[in-house]
Amino acid sequence: MRRRIRGASIPIVLVALWEAGSRAGALPNDTFSRPSDIVVAGARAFADGTILVATWQTIEAALAGFAFAAAAGVLCGALLGLAPRLERIVGPTVDALRPIPSIALMPLALLMFGFGLTMEASVVAFACLWPVLLVTIAAVRGIEPRLLDLARTLEMPFGSSLRKIILPAALSRIVVGLRVAVGVSLVVAITVEIVVNPRGLGYGMIIASQSLRPDLMYAQLLWLGLLGWGLNEALSRAARRWPGAQA
Amino acid sequence: MAVAKNGGASGSGGKECFLSLRGVSLSFGLGDHRRPVLSEVSFDVAKGEFLCVVGPSGCGKTTLLRLIAGLLAPSAGEVVYQGRPVTGPSRDRAIVFQDYSKALLPWRTVKGNIALGLEACEVAKSQREARIGELLAKTGLQHAAHQHPNQLSGGMQQRVQIARSLAQEPRLLLMDEPFGALDAITRQTLQDEVVRLAAETHTTVVFITHDLEEAIYLGDRVIALADNPGHVAAMIEIGIPRPRSQLETREDPRFLAHRHRLFGLLQGHRQ
Numbered sequence: 001m002r003r004r005i006r007g008a009s010i011p012i013v014l015v016a017l018w019e020a021g022s023r024a025g026a027l028p029n030d031t032f033s034r035p036s037d038i039v040v041a042g043a044r045a046f047a048d049g050t051i052l053v054a055t056w057q058t059i060e061a062a063l064a065g066f067a068f069a070a071a072a073g074v075l076c077g078a079l080l081g082l083a084p085r086l087e088r089i090v091g092p093t094v095d096a097l098r099p100i101p102s103i104a105l106m107p108l109a110l111l112m113f114g115f116g117l118t119m120e121a122s123v124v125a126f127a128c129l130w131p132v133l134l135v136t137i138a139a140v141r142g143i144e145p146r147l148l149d150l151a152r153t154l155e156m157p158f159g160s161s162l163r164k165i166i167l168p169a170a171l172s173r174i175v176v177g178l179r180v181a182v183g184v185s186l187v188v189a190i191t192v193e194i195v196v197n198p199r200g201l202g203y204g205m206i207i208a209s210q211s212l213r214p215d216l217m218y219a220q221l222l223w224l225g226l227l228g229w230g231l232n233e234a235l236s237r238a239a240r241r242w243p244g245a246q247a
Numbered sequence: 001m002a003v004a005k006n007g008g009a010s011g012s013g014g015k016e017c018f019l020s021l022r023g024v025s026l027s028f029g030l031g032d033h034r035r036p037v038l039s040e041v042s043f044d045v046a047k048g049e050f051l052c053v054v055g056p057s058g059c060g061k062t063t064l065l066r067l068i069a070g071l072l073a074p075s076a077g078e079v080v081y082q083g084r085p086v087t088g089p090s091r092d093r094a095i096v097f098q099d100y101s102k103a104l105l106p107w108r109t110v111k112g113n114i115a116l117g118l119e120a121c122e123v124a125k126s127q128r129e130a131r132i133g134e135l136l137a138k139t140g141l142q143h144a145a146h147q148h149p150n151q152l153s154g155g156m157q158q159r160v161q162i163a164r165s166l167a168q169e170p171r172l173l174l175m176d177e178p179f180g181a182l183d184a185i186t187r188q189t190l191q192d193e194v195v196r197l198a199a200e201t202h203t204t205v206v207f208i209t210h211d212l213e214e215a216i217y218l219g220d221r222v223i224a225l226a227d228n229p230g231h232v233a234a235m236i237e238i239g240i241p242r243p244r245s246q247l248e249t250r251e252d253p254r255f256l257a258h259r260h261r262l263f264g265l266l267q268g269h270r271q
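Quick mapping for you: the protein sequence lines, in order, are chains A and B.
Using this note's numbering, read the first sequence as starting at 1 and increasing by one per residue.
Using this note's numbering, read the second sequence as starting at 1 and increasing by one per residue.
Under the rule of at most 27 angstroms between Cα atoms (straight-line distance), these lysine-lysine pairs were calculated in the DSSO-like manner:
| id | chain 1 | residue 1 | chain 2 | residue 2 |
| --- | --- | --- | --- | --- |
| 1 | A | 164 | B | 111 |
| 2 | A | 164 | B | 102 |
| 3 | B | 102 | B | 138 |
| 4 | B | 47 | B | 138 |
Read the hints as simulated data drawn from the structure, not as lab findings.
Keep in mind the model is a prediction, meaning the values are calculated, not measured.
So here's chain A without its partners, still in its complex pose:
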């Protein structure tokens, strides 16, 4: 408890200084709105539900993109990890596509899907695919060869050896890739919203900023920080619970 108070002391002092400074006129009000105003703006946004709708729109796009990337990345990664010959064929293409900044695909995604969820999720999926794919390939390659021998001598069909041996054995490492991807998904979703897509928290923030409502913008920024932290926490808990993670 005492440690928590000590840890919180710097933010508390800074916020107090910030509040006092802007009340005394030492801080420009158009960039540093008062903490008290931020709290009021945040409370209003929650009260009328706008921030919750925007939050759902952002999370929806981030999760949709992440889920697609996770499924495709784990499955393709497992295949490529198990079949080095296939990997030699596909590898160069992966290496060519991977360095494309996902953000640069926004104009293309806009042409293909128009504004909305699909366009945003597709850019998120592209960005999330690579960490999952690469980590899964490495994880599956690193599986104890004895376990693969075992699956072979038991004549297990591919599906069940994937489910019972390969994925559980690689899981603790795959989870690392998934965690990176979740972080990326939120960043990319917000970016797409700020730049082109008129929905979600990113759009809310850029609108607040452009209509000179820094208080509302700060409120959303704070909320976004909380969301990111919560997501990471939830994921690391899930990872700890996964039975394979202790392997």
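Put chain B on the given structure of chain A with help from the hints.
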């Protein structure tokens, strides 16, 4: 039944053999890097026989076992199992790997690891529980059923591997230096248990070891491999009746004579 099989072991002529290696050779690598590992290995194994293969490290013992398992294909010659050439692995030929800690699923309990063998054989769920209970009792693992492999000693882990292999109900059990990493007391206990289990389940065993005494103590026959490249240096009929005893069998004049002969053989090939 499991005792009186010394006569049948050498009777390879005429009737079809249980397992037969015919001129099996294997090389690794390509072109100039081609390195022969096994050369012209031929022998027969009779049903119910306990065959030990002994040889210095690096002579291709493990490779030989993987060939019999079907995990590797020979460069020349063939492995014939129950009248058919081996083309791939089969549940009917179970392997107990040397490195037990790497061959068990660390995320499953002892029970779960044994269940893997049953799941692969598509044993109905309703029967699994009973079969697992049986196997746990047979291998002395009842108390460890709900523990994970990393909570067990090496000897116990190797028991789990043996139990999982038996769950497959294999007709041929392949063991790759299974007790090499265990302490002497544990090793002796497990040696006796493997002999008992193999006899009870009428399982044929091919047992790889680098320990001469272990080979003589366990085997109906011992094949000595020499290295560079691996080939059969000698085939010895042990002829010591079962049941054998850790104390008396090891002092038996026949035991000592075999030991002398094999020791000389393997030593001779080193120089």
